[in-house]
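> Hey, can you work out the whole structure from these sequences and the hints?
Residues in the sequence shown are numbered from 19 upward in steps of one, following this note's numbering.
Simulated from the structure, these hints should not be mistaken for laboratory data.
DMTMM-like mimics (lysine to aspartate or glutamate), calculated; alpha carbons at most 20 angstroms apart, straight line:
id: 1; residue 1: K61; residue 2: E106
id: 2; residue 1: K76; residue 2: D90
id: 3; residue 1: K82; residue 2: E106
id: 4; residue 1: K104; residue 2: D79
id: 5; residue 1: K61; residue 2: D79
Model, not experiment: these values are computed from the prediction.
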Amino acid sequence: QVQLVESGGGLVQAGGSLRLSCVASGSIFNIAAMGWYRQAPGKQRGLVAAFTSGGSTKYADSVKGRFTISRDNAKNTVYLQMNSLKPEDTAVYYCNAMVRASTLTGYWGQGTQVTVSS
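Right under this line is the structure:
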């Protein structure tokens, strides 16, 4: 199993920046991919940014050029740098890890709230 703990959310004005962190623990050697998703009230959870199993990155169109995903393997941590934040970025942000064992299983963190005021 894998445990994920997010941090770094908060309240910020439009145009501001935040950096989210996600620390993974447990069976991290079996992690195939990691990324960030978000869910706004009344909307489905959707991809923000992720590292694929091949090591490349992918981003939602709405955040391209503003958000950057990065990782520090020594700290088992994935980051999401969010710049030029907009009110529509307001959501709960979740860290996700896809773990490959006998099957591919997804794990989620508890989420961190990001609120962007206009």
